[in-house]
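Novice: For this one, chain A is given, so just place chains B, C, D and E on it according to the hints.
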Amino acid sequence: MSALLEVSGVSVSFDGFRAINNLSFNIGAAELRAVIGPNGAGKTTFMDIVTGKTRPDEGDVRWGEYSRSLLKMNEAQIARAGIGRKFQRPTVFEDQSVADNMTMALRANRNPFSVLGWRPSPSSDQRVAELAAEVGLAGQVNRKAGELSHGQKQWLEIGMLLAQEPRLLLVDEPAAGMTLAEREQTTTLLRRLAETRAVVVVEHDMDFVRRLNCKVTVLHQGSVLAEGSLDHVTRNPQVIEVYLGR
Amino acid sequence: MLNATNLTLHYGGSQILHGIDIAAHPGQVTCVMGNNGVGKTSLLNLLAGRHPRSGGEIEFDGRKLDRLTAQAMARMGVGYVPQGRAIFPMLTVRENLETGFACLPRSERRISDEIFDSFPVLAEMADRRGGDLSGGQQQQLAIARALITRPRLLLLDEPTEGIQPNIIAQIGRVIAALRDRGDMAIILVEQFFDFAWELGDGFLVLERGRAIMQGPKSDLRREDLHARLAGHATAAE
Amino acid sequence: MTRKPFILRNPSVLVMLAALAVFTVAVTLMSQAYGSGAVPTSMVKVLGKTLCLALAAVAMDLVWGYIGILSLGQMAFFALGGYMIGQWLMYARTEAIVATSLAQAPIPPTPLELQEATASQIFGVVGSSDLPMVWSFAHSLPLQLLLVVAVPGLLALLFGWLAFRSRVNGVYLSILTQAMTLALALWLFQNDSGFRGNNGLSGLQNIPGLDGVSQARLSIWFLWASAAALGLGYVLIAWLVGGKFGSVIRAIRDDETRVRFLGYPVEGFKLVVFTLAAMITAVAGALYYPQAGIINPAELAPIASIYLAVWVAIGGRGRLYGAVIGAVAVSLLSSWFTGGRAPDLALPGYVVKWVDWWQVALGLSFVLVTLFAPRGIAGFFDLFTRRRESGS
Amino acid sequence: MKTITKLLMLTGAISLPPGAWAQEGEPIKIGVLHSLSGTMAISETTLKDTVLMMVEQQNAKGGVLGRPLEAVVVDPASDWPLFAEKARELLTVSEVDAIFGCWTSVSRKSVLPVIEELNGLLFYPVQYEGEESSKNVIYTGAAPNQQAIPAVEYMTEELGVEKWALLGTDYVYPRTTNNILESYLKDQGVAAGDIFVNYTPFGHSDWSKIVSDVVALGADGKKVGVVSTINGDANVGFYKELAAAGISADDIPVMAFSVGEEELSGLDTGNLVGHLAAWNYFQTAETDENAAFIEEWHKSTGDESRVTNDPMEATMLGFNLWVQAVEKAGSTETDAVLDAIVGLEVPNLTGSTATVLPNHHLTKPVLIGEIRDDGQFDIVSETDPVPGDAWTDFLPESAVLDADWPGKECGMFNTKTGSCVQVQSNY
Amino acid sequence: MKGIDLGLDALSFASIYFLAAIGLAVTFGVMRVINMAHGEFIMMGAYTGYVVQTLIPDRTLSLIVALPAAFAVTFAAGVALERLVIRHLAKRPLETLLATFGVSIALQQIAKNVFGTQARPLTAPEWLEGAITFNDVISISTIRVAIFVLALLFLGLFLFIMKRTRLGLEVRAVTQNPGMAASMGINPDRIAMLSFGLGSGIAGIAGVAIGLFAKVTSELGQDYIVQSFMTVVVGGVGNIWGTLAGAGLIGALSKIIESLNPSNTLAAQTFMILFIIIFIQFRPRGIIPQKGRAAEA
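Just so you know, the protein sequences line up as chains A, B, C, D and E, in that order. Residue numbers for the first sequence follow my numbering, so the first one is 1 and each next one is one higher. Residue numbers for the second sequence follow my numbering, so the first one is 1 and each next one is one higher. Residue numbers for the third sequence follow my numbering, so the first one is 1 and each next one is one higher. Residue numbers for the fourth sequence follow my numbering, so the first one is 1 and each next one is one higher. Residue numbers for the fifth sequence follow my numbering, so the first one is 1 and each next one is one higher.
Calculated from the structure, these hints are not laboratory results. Everything numeric in this text was worked out from a predicted model, so none of it was measured. Watch out, some of these pointers could steer you wrong.
Claimed, not checked - Listed below are the simulated BS3-like cross-link pairs for lysine-lysine, each with C-alpha atoms no more than 27 angstroms apart in a straight line:
1) A:Lys-53 - E:Lys-2
2) D:Lys-408 - D:Lys-328
3) E:Lys-2 - D:Lys-223
4) A:Lys-144 - E:Lys-2
5) A:Lys-53 - A:Lys-72
6) D:Lys-299 - C:Lys-353
7) D:Lys-29 - D:Lys-222
8) D:Lys-29 - D:Lys-186
9) D:Lys-186 - D:Lys-223
10) D:Lys-299 - D:Lys-328
11) A:Lys-53 - A:Lys-215
12) D:Lys-61 - D:Lys-299
13) A:Lys-53 - C:Lys-353
14) D:Lys-186 - D:Lys-222
15) A:Lys-144 - C:Lys-244
16) D:Lys-29 - D:Lys-328
17) C:Lys-353 - D:Lys-222
18) D:Lys-222 - E:Lys-2
19) D:Lys-61 - D:Lys-328
The shape of chain A in the complex, shown without the other chains:
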């Protein structure tokens, strides 16, 4: 299986502090992956590098069938290439309606002039309605995003991610602040999404990771400490020492 995303030998330091240290990481085209690791292990920095927010000091990040280097692309280009990212704290545009938020995320030409020429069509309205229904916001499309509850904002953000139709989804702590029922719904959704695309989930909650039932990568001090099934990595003595250990 050729990898969709191939991170090889990447290092980055801030002010002398090595946040990522010779990290290598691959993910296939339709795969669900959980990334766990203690705070400061480099999970967020790893996402920053893949999405173009941070430039690594060394190493290579390649993407897609043609193994294009992501390092030469900016955030927007990377996003258009098909990498979507969900932030830890829900970041939706609170000033705008749910529909506007979704419409903005819909897959379409992002060029300013094309955006100027873009007109809502029955199919786009329908797509927004579908997505809203999918993330449980069917009755809320005309509300301002700022009026939604914390959980609803999380869902809206996931809806926006889906609207982007990415080939790789990077999800940072999706379950934070969610109720048990919401968590279950999220696991189901993530599993279903991973049938057609790659999904990388960064999560603290072991229980959540267990329910995802997927391959797990453990990061520690900026590099991969262990990789495999959850049972496999939780038996790893090093993992127990640095992360679980309790």
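Specialist: Same frame as chain A, but now just chains B, C, D and E:
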């Protein structure tokens, strides 16, 4: 020492805490436990005066407190070790410690040897910038910094998060020593079950902003508590 | 979901257009040229200029209120528009004068001689008689009209490209735009730059070819043109910010990073908006200065651009009618105070002479508005409409 | 009682028709168009006060044509387009019969088209670069030949200056004046290399480099003189730098065209003693008229320390000429006043008379003053009144031009071709 | 020879810029508050100098009195501005710009109403007059040397306050993490107020110095405000050495460009600003940028 009753807290429109009671006594460690996002940190923030409560009463040293501000709480003797350490990254280790002098009369503004004895690594790194320290070192610095203010109540928010075991052990020893000194009340927010069980004298388990279990260690069984927190600690077994 | 037409979705646009139309007709009917004469020509000019300033403010609101760039250089574009049209006004008029005066000469002048004579009229007083390169197109109205939008547009494009590309943001960007204006002003102040230095371009109220038309009429024509420009500009910008484009730029204002992760080329959007706003501002300037009569580099002093931002803030940022209200309110108020007709205010023990104190009052009102009415005057409209909604 | 006698005596002195002081009828309005805020307020406020003082005096004398005068004061706020706007307002809304106003050239250029269109009347009281003549303006300040050329002659002859530094603020008055001076100096045989020209921005404050350039000019031992057309506040820094560099008037004399009593009041003049200025008036002029004028000024401002200066004299001359012309014409109508005003004479404050020339300029004596310790000037040289020349003879393009209004259509008459170049003066 | 003279000129120009900008290095550089009225604080300092000089004729004595007096006046003004305006706009930095701009216009006009529109004399004591002359070409006026020394003094003072005093420590703690600083018992409001007062007070002293060699008018501040902000931005916000480097760069640049075209100072200024605009494109965070994650926040 501290006695808070029926605390409620809102962030914007959403209610984070629902009628929490919590008390802390000198020489005792009160552990607040629960999963991510249940309101542990918010509770601690409230007690530290960093976020106004929307309801409830707080009594400290027998005095009722109305509006809390962080600096007033600190000066009153509440030391705070936040989650994620919040070290001042551009200040040296020594300067980080010295920020706590604000709570002390001018004549007593010095870093006692006791601090460096408890955390020898800080003495070594005294002139390095806080931001250059490793996570474990920063955690030690955060605790030491809170101790500089000579608190009578110490609030610790997940001091073991992302820390190497040997340093966790050291932190545990420090907390135990502080508890055993007998003049300091400690509230510890913790997810690391064994660590908390080891140190705790009383426990409060939160779920979605409500207390679902509360009591002194003597009234609780380890298994019950563990079961309440299940799902989280299972991986460790 | 059915979509209503653009105008119906934006009732404020309709209200604004209606108000503008009523205003224009009313002024026309009261003008000296076409009506009762209750509004003197000087007032018509003030009103016409105010409309141009309102257009500049609307463009400023697009840049600041919608995409979040607090540009302190908008007056540079405004003045450049004025300079571009001023070149033609001055050249064409002088050429006509020179042609008349040379008509009596036995040998009719060659085009080159005519140009030289014109140049020495325009530049003789500032110590040169060659036509500078920058005046190459001054003889042609269509070319200069093109330059009205092209020159400020290109400047905005170049500056924006440099600044946005290196992700200069927030306050830094504001200071940088201010530096841009200052540099341009200093350059124009130089006699050697070919724009007549501190004297600037003058006599612009006399329109070549319209010598027989009185200023009373001309002022009304310009009022119409300014009203039309404001109306068009307002509709254009309202349309721009009403659709998905507006949604994206407001998102950029609120969280630029997030928009990048949605795949939008943020820099591109900023560049489009910044350049477009520069061009609209330039059109406003090109209509303003023929009414003002003179343009000189002092017009693009950094402080002028800050005033523009203040108008928008006072009116209410992020809503276009707010920008119009702010510009109209402050500039008419200033006009009234500088007219010297404001009565003195006798306090016990001290007489407040408005000429001494109105700027103090103006300055403090900026402070009060930012502190207590962050949504500006337009914010009060919100209160009103909301109360009505909740009341019904 | 006493005042009334005094009034009667005064009115008698200038032979007004009896009873004129009764002040009946509609007031005659005059406009005052000086910046009261912004950068120019520093200079122009004084002139506003002067006009108000003159109006008050005139009303005390019984007004004009038996009607009281009323001053309409507006504030163009140092904003050049606002000058045009306010001028139009004055002429059409307030319907004033004459405007006293403007200081900078650019403000005058802004107002010109408006008053020409509306056939208004402007009295412009400041020395300026010339190269202009409008039918509707009476230039009561100095033209270049009434200030610059005599001043430079003085420096050559009396001070032996051989090398020249022409320092100015970068705007049209210094540019034109320096062009004229350069051309004049070259005619006098000064080598191009011996003339250093520098332009600085308005309000320039860092003069160290320029002062050291000027000093360097004299490195070969030749006497260096500075002709300064530096405007306004920038002078303060310039003179402080000169003093700080230890340059006295004996080493390098500075002849200033824009520094008067008012500007010196912002300086400690101890170190400037001996530097020069060329004007048509100094406060120290020893005449009775001047003494009376200064006394009136102090009385009307209530401030004994307020100085008088050249533009104030020019304002006063313009005002008195206008009053005389109106009385002569029996009307305040612009054309009648313009017809009446040419040839009129009023005494100036330095002991001679100012005559209105056909080109709408005045005859003015040129005075050279040396700065004294107390911020006043010692008058070291005074010429007979020089007729102002609108179009300088030292620039070839304008030497052929003539601005004698009566009988002509224009103020820009080419004497070679015998035709008008521009009828209106737009720039 | 010429080069040395040019260097001296540049140095002196740079020290004036530095002096004007150093107060801003506190309020803007450290606290990130945009104070458009900073120039007016400089002006207030200069007018204080003038008032003191009218009261105390002896110039040396009056200067000695004027410096602390100017500090006191502008310190008080700064504290008032912080308490009344800036504190309430903490989360809206760009609007601070507008509000303080309003304060700036108001202060200018008030100065005009109080002191009149004429320039006011502020004269240096005799021992500061004259020049230090090395030879025909190289000389520098004493007052400029004094300003240079004053600038150095201020640099020292700034470093001392920031690095060695309790106030400096608390200021740095508050700017890095106000919430945590409060939890250490530091009152962030008080610190913000004091450091804003300090920055303003320094501006006042700079005003006296600037008034000594230039003019004292109500518009004095306007000449320095844009340039001061540029100095801080070019140098790198949050670092006094950056401000020093910025002032040095601007000073050297202006004088070099000026010497290339001695007859047109205006052109020199234009090119200097153009250069700065382009420079910022390539170093958006200034000559000495703040590094690391702390800078991102």
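Novice: The structure should be examined with respect to each hint, and the outcome stated for every one.
Specialist: Now for the hints, and whether the structure bears them out:
1. A:Lys-53 - E:Lys-2: Answer violated: A:Lys-53 to E:Lys-2 is near 49 angstroms, above 27 angstroms.
2. D:Lys-408 - D:Lys-328: Since the Cα atoms of D:Lys-408 and D:Lys-328 sit roughly 22 angstroms apart, the hinted pair holds (cutoff 27 angstroms).
3. E:Lys-2 - D:Lys-223: 21 angstroms, holds
4. A:Lys-144 - E:Lys-2: At roughly 67 angstroms apart (the allowed maximum being 27 angstroms), E:Lys-2 and A:Lys-144 break the hint.
5. A:Lys-53 - A:Lys-72: 12 angstroms, holds
6. D:Lys-299 - C:Lys-353: 21 angstroms, holds
7. D:Lys-29 - D:Lys-222: Roughly 56 angstroms between the alpha carbons, so the hint for D:Lys-29 and D:Lys-222 is violated.
8. D:Lys-29 - D:Lys-186: The given pair, whose Cα atoms are some 48 angstroms apart, is violated under the 27 angstroms limit.
9. D:Lys-186 - D:Lys-223: 17 angstroms, holds
10. D:Lys-299 - D:Lys-328: Violated, at about 30 angstroms.
11. A:Lys-53 - A:Lys-215: 26 angstroms, holds
12. D:Lys-61 - D:Lys-299: OK: D:Lys-61 and D:Lys-299 at ~17 angstroms, within 27 angstroms.
13. A:Lys-53 - C:Lys-353: 58 angstroms, violated
14. D:Lys-186 - D:Lys-222: 17 angstroms, holds
15. A:Lys-144 - C:Lys-244: 16 angstroms, holds
16. D:Lys-29 - D:Lys-328: 18 angstroms, holds
17. C:Lys-353 - D:Lys-222: Violated. C:Lys-353 to D:Lys-222 sits at ~55 angstroms, over the 27 angstroms cutoff.
18. D:Lys-222 - E:Lys-2: 20 angstroms, holds
19. D:Lys-61 - D:Lys-328: Holds: D:Lys-61 and D:Lys-328 sit about 17 angstroms apart, inside 27 angstroms.
Going through the hint list in order, the structure does not satisfy hints 1, 4, 7, 8, 10, 13 and 17.
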